[in-house]
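J.: Now for the letters of each chain:
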Amino acid sequence: MLYQLVKKQLLLLWRNPVQIFYLFGLPIILIFILSMALAGFMEEGSPELELKVAWLEHEDEVEQVNQFIDEMEDLGVPAEALGENEYLQMVAMLREDVLQGEDLQEMIELKIIDEDQKADVLADDSYSGLIEVPENFTYDMLQVLSGQSGEKPELMLHVNQEDGIYSSVLSQILEQFDKVLTTQAFLQQHSLDIDIGDMQAVTNAGEQIQIDQMDPISSRDYYTVAMAVYTGLYVASTIGFFATRERQDQIFDRIIVGDLSRWVYFFSVLISGFIMAFIQLLFLYCFSYLVFQVAFNDILAFLITTFSYSVSVGGITVLLTAISYRFKSDAIIGLFTGIVTSILAFIGGSFFPIGEFSETMQQIGDMTPNGSGLSAYIQLLRGGNMKDVTSHLIYMASFGIAMIVIAAMSFPKRGAAR
Amino acid sequence: MLELIDISKRFKKVEAVKSLNMFIEQGEIIGLLGPNGAGKSTAISILSTLIEPTEGDVRFLKKSVVKKPSPLRKAIGVVPQEIALYQQLSAEENLLFFGRIYHLKGSELKQRVNEVLEQIGLTDKRKVIVESFSGGMKRRLNIGVAMLHKPQILIMDEPTVGIDPQSRSYILETVKNLNRENQMTVVYTSHYMEEVDYLCDRIYIMDQGNLIASGTNEEIKQILSSEDTISIQAERWSNEFIEHLKGHPSIRNVHVEEKEITLITPKEVNVFSEIISMTEKYGIDLRSLHVKSPTLEDVFLHLTGRALRD
Chain A
1 MLYQLVKKQL LLLWRNPVQI FYLFGLPIIL IFILSMALAG FMEEGSPELE LKVAWLEHED
61 EVEQVNQFID EMEDLGVPAE ALGENEYLQM VAMLREDVLQ GEDLQEMIEL KIIDEDQKAD
121 VLADDSYSGL IEVPENFTYD MLQVLSGQSG EKPELMLHVN QEDGIYSSVL SQILEQFDKV
181 LTTQAFLQQH SLDIDIGDMQ AVTNAGEQIQ IDQMDPISSR DYYTVAMAVY TGLYVASTIG
241 FFATRERQDQ IFDRIIVGDL SRWVYFFSVL ISGFIMAFIQ LLFLYCFSYL VFQVAFNDIL
301 AFLITTFSYS VSVGGITVLL TAISYRFKSD AIIGLFTGIV TSILAFIGGS FFPIGEFSET
361 MQQIGDMTPN GSGLSAYIQL LRGGNMKDVT SHLIYMASFG IAMIVIAAMS FPKRGAAR
Chain B
1 MLELIDISKR FKKVEAVKSL NMFIEQGEII GLLGPNGAGK STAISILSTL IEPTEGDVRF
61 LKKSVVKKPS PLRKAIGVVP QEIALYQQLS AEENLLFFGR IYHLKGSELK QRVNEVLEQI
121 GLTDKRKVIV ESFSGGMKRR LNIGVAMLHK PQILIMDEPT VGIDPQSRSY ILETVKNLNR
181 ENQMTVVYTS HYMEEVDYLC DRIYIMDQGN LIASGTNEEI KQILSSEDTI SIQAERWSNE
241 FIEHLKGHPS IRNVHVEEKE ITLITPKEVN VFSEIISMTE KYGIDLRSLH VKSPTLEDVF
301 LHLTGRALRD
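Protein chains in written order, with my numbering: chain A, 1 to 418; chain B, 1 to 310.
Just so you know, the hints here were simulated from the structure itself, not pulled from any lab data. Quantities reported herein were computed from a predicted structural model and do not represent experimental measurements. Ideal Cβ placement from N, Cα and C applies to all residues, glycine included. Be careful, since some hints might not be right.
Only pairs whose alpha carbons sit at most 35 Å apart, straight line, appear in this in silico DSBU-like list of lysine-lysine [stated by the list, open to error]:
id, chain 1, residue 1, chain 2, residue 2
1, B, Lys292, A, Lys413
2, B, Lys67, A, Lys413
3, B, Lys105, A, Lys328
4, B, Lys63, A, Lys413
5, B, Lys246, A, Lys413
Per the computed footprint, the stretches of chain A lying under chain B, defined by three or more beta-carbons under 8 Å from a beta-carbon of chain B, are [as the list claims (entries may be wrong)]:
id, stretch
6, 60-66
7, 256-266
8, 331-341
Quick list of the computed label-pair ranges, beta carbon to beta carbon [as the list claims (entries may be wrong)]:
id, chain 1, residue 1, chain 2, residue 2, range
9, B, Arg126, A, Val405, 40 to 46 Å
10, B, Glu118, A, Gly338, 56 to 62 Å
11, A, Val405, B, Leu303, 30 to 36 Å
12, A, Ile279, B, Gly215, 56 to 62 Å
13, A, Gly338, B, Gln208, 50 to 56 Å
14, A, Ile279, B, Met1, 46 to 52 Å
15, A, Gly334, B, Glu108, 41 to 47 Å
16, A, Gln363, B, Glu108, 57 to 63 Å
17, B, Glu118, A, Ile279, 36 to 42 Å
18, A, Arg262, B, Glu108, 25 to 31 Å
19, B, Gln208, A, Ala402, 44 to 50 Å
20, B, Tyr282, A, Gln248, 47 to 53 Å
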């Protein structure tokens, strides 16, 4: 009997071209419009950065490395144990392999300057910053790394405060570099088996920043997901509206007089909402895959995310139905369609990535089912796996179950829906 | 067969039905009459097991069905006041869906769908979407759905509201045939007196939640045996004339329509000559004046002081 009820709901939807357009056509149009309109803002996930950076050294690094090796040999450490000479030249590594390395060379224009140019550079707003290597930096750092001295030297960074994001990026690069050196120092101080060769890791500093950000996504990726989860909410109001009409037209009465349990009807609404949301999401993602090349690498994680979000939508569907039956009014459906859906879409990041403004906004957004779904899909598009989205999956499924429980408690008893 | 015993139903502060007693025997057509708000639909909902009474009992074949309605549900078919159909589905799809709700399946279901379509005269429209049907066709299908599982009792809540005379006549004949040929018990509510007069073996008249009269047609009409219902017909009326009638000590229940006034007088009083004098005095162009046989409408007017459709 449940099958007959669900089949009938889907048939009713199929016979309703306006609702079909809202659920399947409109999202595609919105994906087209929004991804085109906001492509410049979203493309590759971040704006193109071009930094002009000045570099000033107050030391001869080769000389300092040689001095360090000589002293270590005097202490009985053979030169072979210290590794290749070039691996000890950390300032050169930062300058050549990090700042002018493969990952950053297109972003950073590095100018080597003399002491007498420093004042001009600091006054020049076209520079995002000046990195100054103090005297004996390399020697002192090698001393720290080998456990000979506890005073860690620091690079000096002068940033152009008006340059906002550019100087911030520069600071992050140097912080990352410093973090690697600090890690090395810690390892050296706690181990007699010194392996300074591991300092090669320094050269990977730029790549590590990239890995933290995961794969970038395009505006089409983002708005495919954003519109899919947004219009998924309309499945709830559509099926809820059909159910309300059944009460108004006394079809629900006819079903009850047919000696069918109201719970069979209740679950038919729940399952219809779930199935429709699942079909809608699959349709939109298949379409986006074929037309926009929006692809999920982890298909299983994608399907489980879609399942979880559909549970949320099913829960909302049955809650809307239960409330409209209890209050004998379809006003709740109208309120949800006209206002609540838009608020959820806004908070959940469907209109623009609101979570990038602050961590708090992101957390609030993730508390909406659509926001949580959006975050999960975006993680998957960026190369994440099931483990990365587990918390979202649990949240969406829990949200759906909570809605179902509240709906079951609200669903009117015999005769109360009349 | 089916009894309502001292039934009351309260919705918050409104008492929709007050101490209603009814019995329905197999094979009879029962009429439930009353104006809007009389409590007919509430009584029908209790009979249909859709709502529980606040007080009283409903017994089907001597067993209470208030808490365990299944036996009665299997025996009844309900024709709701609304067109309780899926407008986007065809006539056949609606019948197939509701047939399954009534636990019919396979060849039995298909056979019943064909039979019902034949009975309601929609065989050639079986594939047509209900939305495109006329009001009368929708009403016929609405009845057809309730007949699918061959119920013992057909409960019809104002099944002819808002349809053309031809469809109305078709529906009345269908109900009559179902009762005559299949011995189907019918409970029929309406505020069209003539429908109830034509169809029903026994009548219950309700007003403001109370049962105010019950019996066979003749028994009900006997209520007016000591009084005459007089009909006056003219092109137009004057207010003075109407006020004069209402103020006459032997005249009651003056009901004014566009070209007809009905009123009730005791049989022993002859007011004919007085009425003719009044029409001359107030310049009324009198067309006819006669004593009518009492109708159910007259009985209702007599009992409540109001016309049924007021």
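J.: Look at each hint and say if it fits the structure.
T.: Against the structure, the hints come out as follows:
{"no.": "1", "hint": "B/Lys292 to A/Lys413", "verdict": "50 Å, violated"}
{"no.": "2", "hint": "B/Lys67 to A/Lys413", "verdict": "13 Å, holds"}
{"no.": "3", "hint": "B/Lys105 to A/Lys328", "verdict": "33 Å, holds"}
{"no.": "4", "hint": "B/Lys63 to A/Lys413", "verdict": "23 Å, holds"}
{"no.": "5", "hint": "B/Lys246 to A/Lys413", "verdict": "50 Å, violated"}
{"no.": "6", "hint": "60-66", "verdict": "violated (count 0)"}
{"no.": "7", "hint": "256-266", "verdict": "holds (count 5)"}
{"no.": "8", "hint": "331-341", "verdict": "violated (count 0)"}
{"no.": "9", "hint": "B/Arg126 to A/Val405: 40 to 46 Å", "verdict": "43 Å, holds"}
{"no.": "10", "hint": "B/Glu118 to A/Gly338: 56 to 62 Å", "verdict": "46 Å, violated"}
{"no.": "11", "hint": "A/Val405 to B/Leu303: 30 to 36 Å", "verdict": "52 Å, violated"}
{"no.": "12", "hint": "A/Ile279 to B/Gly215: 56 to 62 Å", "verdict": "59 Å, holds"}
{"no.": "13", "hint": "A/Gly338 to B/Gln208: 50 to 56 Å", "verdict": "40 Å, violated"}
{"no.": "14", "hint": "A/Ile279 to B/Met1: 46 to 52 Å", "verdict": "48 Å, holds"}
{"no.": "15", "hint": "A/Gly334 to B/Glu108: 41 to 47 Å", "verdict": "42 Å, holds"}
{"no.": "16", "hint": "A/Gln363 to B/Glu108: 57 to 63 Å", "verdict": "59 Å, holds"}
{"no.": "17", "hint": "B/Glu118 to A/Ile279: 36 to 42 Å", "verdict": "38 Å, holds"}
{"no.": "18", "hint": "A/Arg262 to B/Glu108: 25 to 31 Å", "verdict": "26 Å, holds"}
{"no.": "19", "hint": "B/Gln208 to A/Ala402: 44 to 50 Å", "verdict": "46 Å, holds"}
{"no.": "20", "hint": "B/Tyr282 to A/Gln248: 47 to 53 Å", "verdict": "50 Å, holds"}
Checked against the numbered hints above, the structure breaks hints 1, 5, 6, 8, 10, 11, 13 and satisfies the rest.
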